[in-house]
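**Student:** Here's the letter readout for the chains.
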Amino acid sequence: MRGFAQEIGALSAFRLESCIHCGICADSCHFYIATEDPQYTPIWKVEPFKQAYKREASAFAPLVRLLGLKREVTSDQLAHWQHLLFDSCNMCGRCSLICPMGIDVAALIEQARHAMFEAGLAPQELYHKAAHQRDTGQPEESAEPYRAQLLAIGMQFDVAIPLDKPEADLMLCVPRTDIEHYPKAVAALARVMSHLGVSCTFRSDGLVAENYGYFAGGKAWQRDISRRLIDQAVACKAKILIVPECGHAYSALRWEAADLYGKPLPFKVRSVTEYLAEQLQAGRLKLGAAASGATTFHDPCQLVRKGGVNDAPRALMKAMGIDLHELKNHGGFSFCCGGGGGVLDIERAAPLRYRTMENKLREIDDTGAQTFLTSCSDCRRTFDDAQAHFNWQKTPNSLLELVADNLIGGGGGA
Amino acid sequence: MDLLSFARGTGLKVALAVFCLGVVWRILAFALLRIRRDLNEPRASVPRSLAGGVLAIGSRSWPHPEFIGRTGAGEALGYSYHLGLFVVVLLFGPHITFLGSLFGFTWPALPSSVISVISVLTFTLFLAVLFRRVTHPVLRMLSNFDDYFSWFITMLVIVTGLAATAHVGGPYETLLGLHILSFDVLLIWFPFGKLMHAFYIFPSRAINGSLLARKGAVS
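Chains as they are written, first to last, in the numbering used here: chain A, 17 to 430; chain B, 53 to 271.
No wet-lab data here; the hints were simulated from the structure. Just so we're clear, the structure is a prediction, and the values are computed from it rather than from any experiment. Be careful, since some hints might not be right.
Incomplete in silico selection of chain B near chain A, CB under 10 Å [stated by the list, open to error]:
no. : residue
1   : R60
2   : L85
3   : I87
4   : A265
Simulated restraints on C-beta separations [to be verified]:
no. : chain 1 : residue 1 : chain 2 : residue 2 : range
5   : A       : P282      : B       : F251      : 40 to 46 Å
6   : B       : S113      : A       : E52       : 41 to 47 Å
7   : B       : I120      : A       : P280      : 35 to 41 Å
8   : A       : P78       : B       : F251      : 20 to 26 Å
9   : A       : P280      : B       : T187      : 30 to 36 Å
10  : A       : N375      : B       : I109      : 30 to 36 Å
Beta carbons are placed, not taken as given, at the ideal position from N, Cα and C, and that holds for glycine.
One chain only, chain A, in its complex shape (with noise of 0.2 Å):
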């Protein structure tokens, strides 16, 4: 703990002395209100690394070990906090829009999984997955290695797979979780990027957009697993990456990728839903009415509320004629699906996950819609998910499918 202690930066040391304990940042997050017990009030859950910076390197910190006011904190106080800091944590940054003192929170207990990891307390499931990702590339072993299911879906939906060209316009990635259970999202990643025309390709060597280490907090891990990916679209001379539906890899490609591998990165980093509310808005990309009915939106976190991603999915949705009805807390407001930051992960979460996720379900409920839409796999996967849990009505469905099925005329290219 010395060393998170001594290692903390300017800005985090900051936002760990603007804290003046109001408590409004519980009334933000899902795991609170859910269950009305403190201990899952957003700023606690960085409490041991508060007690620790206050005692090691904040301004008065020889006074603080002089006359013993913060303790050390102790191995049993972190085990504890691991339920708080990943079990009941999304990283959802709903707390940071709260805060009346402007505090990052997400950005604390970011920082606080980082430390968390390096004192070997990131849940198991997480780390042997960013341990399995860092080493070969994926984050569990599969059946077939997933260039041959990339390829596979191709040829079930016959459908073009751009692989490992030597050079290329855009480089495609794809969420291990559409290539496990959304076979249909990577076959429309690949349908309305050669309707487009553009000059793309997925690369065996760095084909998974998720990050595990970005989960379970292991720094060097998350850097070692983004590079992998960087290497790959500076190898074909990627102008563009292009991150899939995949919430979290944005936000460790779009937000973070760059300052771990220690330099901007030589090409631009653009979600898949972003990129064509872009073409669309040049004239490129030409979208029939889709017949979806009253239809619903779930805002994922990290790509809308922590990425800013929130007018191209309604553009999208409105250039198809999509009759919208917002959910209560929408765009940068909504609540998480309680699935992100690794949650769904870990198995042990599931009753509190569960839990927290009947607010979300009543509130997409009550919006009366019959079509249910998203632009992250993971969310999806933890609405199905509960759709099997709570016997729910409702089924997810991907912005991007829902793209691939209504294009209309040729691409100009890009």
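Model the placement of chain B on the given structure of chain A, informed by the hints.
**Tutor:** Here is chain B on its own, set in the frame of chain A:
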């Protein structure tokens, strides 16, 4: 040297010195830590990011509509007692005289009767704040010595001020001496505890607002 002379003489000088040095050191200490440059491509230009920071100073003064149902009452209570404190500190005649001696200029005061009413209201709100802190499960869990001592010392200044103004509880000079002495203690405590939020609040909102605006995200 009697209590009043000490409180507004040596006591005040020492307190002001600790206050100034402590505040400056607490802010300077951030500069000794690493400041990382964000290397990721921004969505918004530098001027738009800065504008987002300035806007956040105002927008975070009141909860977003999505949150107000859950937090409006608590925030209203918080702002109310702060407002009461500002009025009493800045618009009470004797305070203006004292501040004028420090800054070299003065401004009009509110009538003492108005200040008395506001002081009593502020005192009541302060009690409500403490009640809320010890009864609300989240606040009770988050609270530590800093929260309670900061409340206590501020309340002591209010109570001694009310007593001195109302001439209740002892000779005026003693009450005034206690009032100024409690203010001296508040000044000494200020840089060590959460009262520092007075200096942090606007920069903190501006920095976060600016960083979120850089990403094009809502703040």
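**Student:** It remains to establish, for every hint, whether it holds in the given structure.
**Tutor:** Here is how each hint holds up against the structure:
1. R60: violated (27 Å)
2. L85: holds (4 Å)
3. I87: Where the cut-off is 10 Å and the nearest Cβ of chain A is about 5 Å from I87(B), the hint holds.
4. A265: holds (9 Å)
5. P282(A) to F251(B): 40 to 46 Å: holds (41 Å)
6. S113(B) to E52(A): 41 to 47 Å: This hint is violated: roughly 27 Å between Cβ atoms.
7. I120(B) to P280(A): 35 to 41 Å: holds (40 Å)
8. P78(A) to F251(B): 20 to 26 Å: Cβ of P78(A) to Cβ of F251(B): about 22 Å, so the range 20 to 26 Å holds.
9. P280(A) to T187(B): 30 to 36 Å: At 51 Å between Cβs, range violated.
10. N375(A) to I109(B): 30 to 36 Å: holds (31 Å)
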